[in-house]
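Peer 1: Protein chains in written order, with our numbering: chain A, 1 to 165; chain B, 166 to 318.
Heads up, some of the hints might be wrong.
Okay, derived cross-link-like pairs now, EDC-like style, lysine to aspartate or glutamate, Cα gap no bigger than 16 Å in a straight line [claimed, not checked]:
{"id": "1", "chain 1": "B", "residue 1": "Lys256", "chain 2": "B", "residue 2": "Asp296"}
{"id": "2", "chain 1": "A", "residue 1": "Lys54", "chain 2": "B", "residue 2": "Glu300"}
{"id": "3", "chain 1": "A", "residue 1": "Lys53", "chain 2": "B", "residue 2": "Glu248"}
{"id": "4", "chain 1": "B", "residue 1": "Lys256", "chain 2": "B", "residue 2": "Glu288"}
{"id": "5", "chain 1": "B", "residue 1": "Lys268", "chain 2": "B", "residue 2": "Glu288"}
{"id": "6", "chain 1": "B", "residue 1": "Lys256", "chain 2": "B", "residue 2": "Glu300"}
The set of hints was computed from the structure by calculation and includes no laboratory data.
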Amino acid sequence: MTSFCNLWSHNHTMQCRVEGTIGSSKQHSRVALVCANAPTRFWPDATVDFTCKKNTQAKRDELGDLSTANNCMQRAFAGAYKTVAITFGSRVTGYLAREYPLVKNGSFGEGFVEGIYLRANHDTPCIRMYCITSGSELLIQDLKSYPDEFPFRDPSCLLRYTPVI
Amino acid sequence: MIGGDMPLDSENSRYQSRFNENADLRNFNDTLHASVVTQQEQPNTTHSPPNTHLRMDLANASSLGRLPSLNRYFLLILDKGAEYWATYPRKTRGTGTPVELLKQYITTIGRTPRYLRIDNSKEFTSQEIVDFCSENDIILQPVVAQPYHAVSR
């Protein structure tokens, strides 16, 4: 049985939490895009990345327990700072597995990828990165991050030549 | 007559009578003090327990990036008690019903909420979401704007 509870919005604060949350998400994702000089087509990743970062903030209460938001996350990955605490749009490098379709010759050099950090994956201890060479999104676990280098702001930080970013 | 010269028995009896008169007040103060101590010993808790009060709304993100092939909207689910946010970018308002995303959220969290507060947009007032809430014993709280009251919007 569904119970309807019509809340007459006698003031403007009935939906203030979610409306304020939306505004905060937009502001932070916009700032992340501007700071990384990333194209606007990455705004969904910037929004989800900010949400993930906010949820992963370790707020310990007086008893030393993590916040309830941490309990809502997947227990195995809650507080995985290795994949979450990376600046959006910063340069990351990684290695693909030899069995990956992009690795043609099976050599070590073919598996090297570099791009920008998009966001942490929800279900696995991996990150989503935008590979500049192939122009596609990849799921990388073995990664190395460079939080001070932004390829879309300064392409000279890339190891490999990229004619068009 | 100086107070210190008062016989000790009479003064004790006077204080005893006052003590008995204010017995109710003392009991009230003891109870209040006990409740204050109990509240201080308890950890800081939010007004609503986690995973019970959800707020859901659809946001237009055209100001962030507006291309035909892009996601233009995102659905935001907010847990009031836990302050846990979840965002689901979507291309259009009709792509992926809120029920599917709500099921995905519940699967991730592992618990069904008790209250779900939404606005009166078409996506949230469909029969599908009503059926889903009735099956899972969720109380819908659609916020209705009060007519002739500009602030209520």
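Peer 1: Next step is simple, just say for each hint if it's right about the structure.
Peer 2: Hints, verified against the model:
1. B:Lys256 to B:Asp296: Violated, at roughly 25 Å.
2. A:Lys54 to B:Glu300: 32 Å, violated
3. A:Lys53 to B:Glu248: With Cα atoms ~13 Å apart, lysine 53 of chain A and glutamate 248 of chain B stay inside 16 Å; holds.
4. B:Lys256 to B:Glu288: 14 Å, holds
5. B:Lys268 to B:Glu288: Holds: lysine 268 of chain B and glutamate 288 of chain B sit about 15 Å apart, inside 16 Å.
6. B:Lys256 to B:Glu300: With a Cα-Cα distance of about 28 Å, the restraint between lysine 256 of chain B and glutamate 300 of chain B is violated, given a limit of 16 Å.
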